[in-house]
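S.K.: Top line first, the protein sequences correspond to chains A and B. The opening residue of the first sequence carries number 1 in the working numbering; numbering runs sequentially from there. The opening residue of the second sequence carries number 205 in the working numbering; numbering runs sequentially from there.
There's no promise every hint is true.
[As the list claims (entries may be wrong)] Some chain A residues judged to face chain B by a derived CB distance under 8 Å, without partners named:
| id | residue |
| --- | --- |
| 1 | HIS49 |
| 2 | PRO53 |
| 3 | GLY75 |
| 4 | ALA127 |
| 5 | LEU137 |
| 6 | ALA147 |
Hint data in this document are derived by calculation from the structure and do not stem from the laboratory. Glycine included, each C-beta is placed from N, C-alpha and C at the ideal position.
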Amino acid sequence: MFRAATLSEVFPTTVMDAGALRFVLTRIRSRTGPVLWVQDRLSRKEAGHPYLPELSLLRVDVTRAVDVLRAMEDGLRCKGLSAVIGEIWGNPCALDFTATKRLAMRSESGDIPCWLIRRAASPDLSAARERWRVTSLPSAPHPDDPAAPGDPCWRVELFRSRYARPGEWVASYDSAADRVDFSAPFRDGALAKGEGARERRAAG
Amino acid sequence: MKERANDAPPDDMPVVLATEGPHGPVIHAANRAARIAGIAAGARVVDMRAVCPDLRVEYADVAGDRVALGRLVLWARRWCPWTAADGADGMVLDTTGSDHLLGGEASMLDEMETRLSQLGLSAKLAIAPTWGAAWALARYGPVRAICGADEISAQLAPLPVSALRLSGETVLLLRRLGLKTIGALTDVPRLPLTRRFARSGLQDNPVLRLDQAMGRLGEPISSAEAAPRFQVHRPLPEPIADPTPYLPDLCRDLCAQLAGAGFGCRRLHLTVYRTDGEISTVGVATSAPSRDADHLLRLFDDKLERIDPGFGFDQITLEAGTVEKIDIVQTRLDGEADEDLHLTRLVDRLTARFGSRSVTRPVWRESHVPERAESWSSALADVRTLPRPTPKERPIRLLHPPEEVRVFYAVPEGPPAQFVWRRQTLRVARYAGPERIAPEWWQDRPGTRLRDYFKIEVQSGQRFWLYREGLHGDGRGGDPRWFVHGMFA
Numbered sequence: 001m002f003r004a005a006t007l008s009e010v011f012p013t014t015v016m017d018a019g020a021l022r023f024v025l026t027r028i029r030s031r032t033g034p035v036l037w038v039q040d041r042l043s044r045k046e047a048g049h050p051y052l053p054e055l056s057l058l059r060v061d062v063t064r065a066v067d068v069l070r071a072m073e074d075g076l077r078c079k080g081l082s083a084v085i086g087e088i089w090g091n092p093c094a095l096d097f098t099a100t101k102r103l104a105m106r107s108e109s110g111d112i113p114c115w116l117i118r119r120a121a122s123p124d125l126s127a128a129r130e131r132w133r134v135t136s137l138p139s140a141p142h143p144d145d146p147a148a149p150g151d152p153c154w155r156v157e158l159f160r161s162r163y164a165r166p167g168e169w170v171a172s173y174d175s176a177a178d179r180v181d182f183s184a185p186f187r188d189g190a191l192a193k194g195e196g197a198r199e200r201r202a203a204g
Numbered sequence: 205m206k207e208r209a210n211d212a213p214p215d216d217m218p219v220v221l222a223t224e225g226p227h228g229p230v231i232h233a234a235n236r237a238a239r240i241a242g243i244a245a246g247a248r249v250v251d252m253r254a255v256c257p258d259l260r261v262e263y264a265d266v267a268g269d270r271v272a273l274g275r276l277v278l279w280a281r282r283w284c285p286w287t288a289a290d291g292a293d294g295m296v297l298d299t300t301g302s303d304h305l306l307g308g309e310a311s312m313l314d315e316m317e318t319r320l321s322q323l324g325l326s327a328k329l330a331i332a333p334t335w336g337a338a339w340a341l342a343r344y345g346p347v348r349a350i351c352g353a354d355e356i357s358a359q360l361a362p363l364p365v366s367a368l369r370l371s372g373e374t375v376l377l378l379r380r381l382g383l384k385t386i387g388a389l390t391d392v393p394r395l396p397l398t399r400r401f402a403r404s405g406l407q408d409n410p411v412l413r414l415d416q417a418m419g420r421l422g423e424p425i426s427s428a429e430a431a432p433r434f435q436v437h438r439p440l441p442e443p444i445a446d447p448t449p450y451l452p453d454l455c456r457d458l459c460a461q462l463a464g465a466g467f468g469c470r471r472l473h474l475t476v477y478r479t480d481g482e483i484s485t486v487g488v489a490t491s492a493p494s495r496d497a498d499h500l501l502r503l504f505d506d507k508l509e510r511i512d513p514g515f516g517f518d519q520i521t522l523e524a525g526t527v528e529k530i531d532i533v534q535t536r537l538d539g540e541a542d543e544d545l546h547l548t549r550l551v552d553r554l555t556a557r558f559g560s561r562s563v564t565r566p567v568w569r570e571s572h573v574p575e576r577a578e579s580w581s582s583a584l585a586d587v588r589t590l591p592r593p594t595p596k597e598r599p600i601r602l603l604h605p606p607e608e609v610r611v612f613y614a615v616p617e618g619p620p621a622q623f624v625w626r627r628q629t630l631r632v633a634r635y636a637g638p639e640r641i642a643p644e645w646w647q648d649r650p651g652t653r654l655r656d657y658f659k660i661e662v663q664s665g666q667r668f669w670l671y672r673e674g675l676h677g678d679g680r681g682g683d684p685r686w687f688v689h690g691m692f693a
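Chain B on its own, in the form it takes in the complex (with noise of 0.2 Å):
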């Protein structure tokens, strides 16, 4: 089975998407057209724009996909228990005894193309007793192969070898060695094969390869567990505008869910089903996995004034949107809670009363430009960065953004005798510097200006940082500008 990326453009419109190879963008992967145009993966961009120059050039989204291949796989546990993703670009099924659910192989597949198809995708589909004969068919197949256990060999072998999951130089060693198909290898005597070979891995191993896809030697598909869903719900007798008094019990059973699974929650959602068929949704978010129902059901304090009751709701969910497995610790001997856990407390009842952006930690940074050096994230993300040491002094207090200052008497290297700021005439009395941060160009724009730090004392006692932004005749805008960056004690 084969994914590839749903573009909203005609199809046929050569269209390819590229990632950074070593010298310049190189093709991951073209739509039918480019195909057509004689444009493979693995070309360089600036080669295929010669052979076909309407060519058009999209940047791959590698993770992305795989994100999306993780999901497609839980998604397609509706046809059987057992799916795994299988590379980037695939997914392998164990359809093992299912089929019949769905009237048989020929139907499952075609109502699977279906499926895939209303989601936009398209797919190779085929059947095969063994993973590595249903690589084969999908990929180098006839449309929707189907392969019984006996017809394995016969199916197999007026493919190319490059069918049986090898790498590029033993593909190209076979070809070389005038192994062209799998039947060609297949006729070869397994001895000396298995000497020449003995010694490769299982992607430079043909006789390993052909054992799998032929079902000697066994592969099974190791599937991921999906995550498991916490909800509980709770039908009401007749339409109710207030869910406050219910909010106690969901939150308790919810809670004894998850200490029955040993989860906590991260994001809970609470969901009312209005009679007039709509659905209004909360959500709070916790910054450590909990499922203490008592302070679960806290979060929602201010957040319950939020939901549109309408006309009245008859049915109430709580979901728990993100679990992660806790366990249970003693941290202290004598019965008291941890400190980690009151912080991280106060950091959920800030949030959902203040919002997530209101919440801040540090994050530190490398860099020389102070601005950029921290930035705030949320609270709940717990980012825990430790600040590099700078050798120079920094202010305790940043203006955000820099405030422009009007300056007197400005010499060309220096900071001016005297500034007015927010009104006020303020004289410099002592100074030191300048400390120069150039801007970086890797991430600037360009014409962005170097700075000129002061940190300057002001006649009344005051401590500021000052700097010029650009030099004379620099090239980068007219005369320099100064700001006022930050306060110092």
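So that you can see chain A by itself, here it is in the shape it has in the complex (with noise of 0.2 Å):
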């Protein structure tokens, strides 16, 4: 169903929702070497930056978009990466169908996965093979605690997609195995009528 290497895009709902950011993490484990990791100021200053002991991360902090697209090509030339995440925030000019265009194209060339997040973004023309939409769900049942959050769901839509058919999943992330499950898709009404419009939307 998924490629390994190429551009995808994904819009977490809120600003404080860090859920999008493990989804990531789950698609780009399976490669040794670090990550590299670019932010712009905003992204920064308002989602804070990335705490994960178990990755090892080269972070670059630029302060324009442009800076971090120059930062993303420069990684995707790297043979030594496993993945290139950026995150910008909003839509700056310098983000085009160009700019997206190049990114895929070398990720793709290169076989290095490439990420964009996109915060306080809406989902513009994009050259972008995968966009998604991340939303956190409130969570599992925790094992021992009714009171404690457990394990993470999310509300994962795939609304853009070269590869696959779009849809729209409830993934529960299970923590101990480092999994993600995407169990249920949403079978109510609306949405199940929507399906057809949704399908061909996906395919223009």
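Since each chain sits alone in its own frame, please combine them into the complex, following the hints.
M.R.: This is how it looks when you write it as structure tokens:
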């Protein structure tokens, strides 16, 4: 269903939602080597920095979106990285169709997965092969303590994809096994009715 | 020769340098006024304060002194090719055959003393045929002593036995035996003395030390090799304003020099000499030693515009700042370059473009305070640490600094029922905790409050790491405050 190395975008629904990050990390896990993590200034101020002891990180802090894109392109040229992750705030002019196309082609030719995390952004025109929207849901019950939050759950929406049929799932993250289970898709009336329209939009 | 820290305060003020001893600070060195007041190295600072109430105490920088002495040793190569550090405060120079260049031994000592005083150092100098005799005469002999080959025993005879580079216990033992001067020691028959100290090491053996001073036992000087310097000059026929067309050639020549000697550079400095006499420099750094001309050239990409050409410059120099030996290794059989090389080059390029503070790697330390457990160091330094696995769950994002929130319905032990963060009212649905992280008294300021961390889940499903700073009535400020420190997945 999923190609290994391409450019994907993920849109967290709120700025403070860190569920999208864990979702990205579960998708790039299979490789060795450090991850290049590029942040612009607003993403860093508003959503903090990654705190991932289990991961080998190479972090680049820049101010402008255009510098994020340049650092990511440099990173995609380097064979030793396991992934390149960039965080861009909003919809800057620098992040246009050409820029995303460049990233996508570099990512595919270098076989390095590349993810853009887009906070406070609207899904404009982009060459990303897959575009996701991730929202945190109330977590699964904790096995020992009913008052405590358990393993996280997200509503994951693949709203544009070159390789797969778009859809919407409830994903639960199994923190012990470090695995995401895509469980039952939403089966409510409005969604089921809109499925055909959704498919057409994805193909276009 | 003796080096002493050059202090700014006036000469008549007693100043001492102190180091930490097992029972409080101990005097490491004293200036002249302090020595006259009766203060000796090795005494405790509190005792000496009683002797001399207006004593000024500074802390000694022992490691810095050692590095400075290492540089001074290389600087002293101006007089002779063989120089070495001697202990923590001395230098030994093998001036055999080089004194005539400076007009004889006496004028060479004058020249050395002048030059060293220009550096702000006072020195005690002596010339002798052996290392041991020069050591003794410099510290215990007359000013600028010069000792010929046949007068060693005559010049050393009146000096105390401590001039033989012996340990404190042996000096005490010799004094108790009534042997106070080197002359007295020489008069003792050799056989019983040898038998008495047969099992002692060099530090405790007056016979061997005496033999070394007299020249009966060889003591060669091993001189440290100075790091080689690599630089390329390019004088230009007429002043120009842009060094770009010359840079590829300069890089290639420098890399050829480096390859010939088996070195790679960690830092590169490009210097232009302007026609108005000014000098302008830009530098780049690499995370691993490199001598790849194309790679080094690319590091200068955006840097050259920082050179201020003025009215043009007529000479360019490219110099390797720090060099390290690199060996040629083949890691793969298929001829592809390996991944580490790619990675170090990526770090170099990013650092050259965005600055060394922007390209970082995490360094993990032993600490329970989360922001202290991780620190971000420049990726050029390449410090690799393994994180300590924490038994508790940690968020995947940290806010720096933590953001204060307004809470409602806070209970003394437990999270708030509702809080306002970034103008949004969030209602707590579930929580886990508290996890108490106490201040680290060995590095926190007094009055730092403890933190009680809660993992909370708000009704809309996001999970935050919230903490309360302090407790009610802990005597460290008013009501406890609440902060958001991070987000969970």
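S.K.: Tell me the numbers of any earlier hints that the structure contravenes, in ascending order.
M.R.: 4
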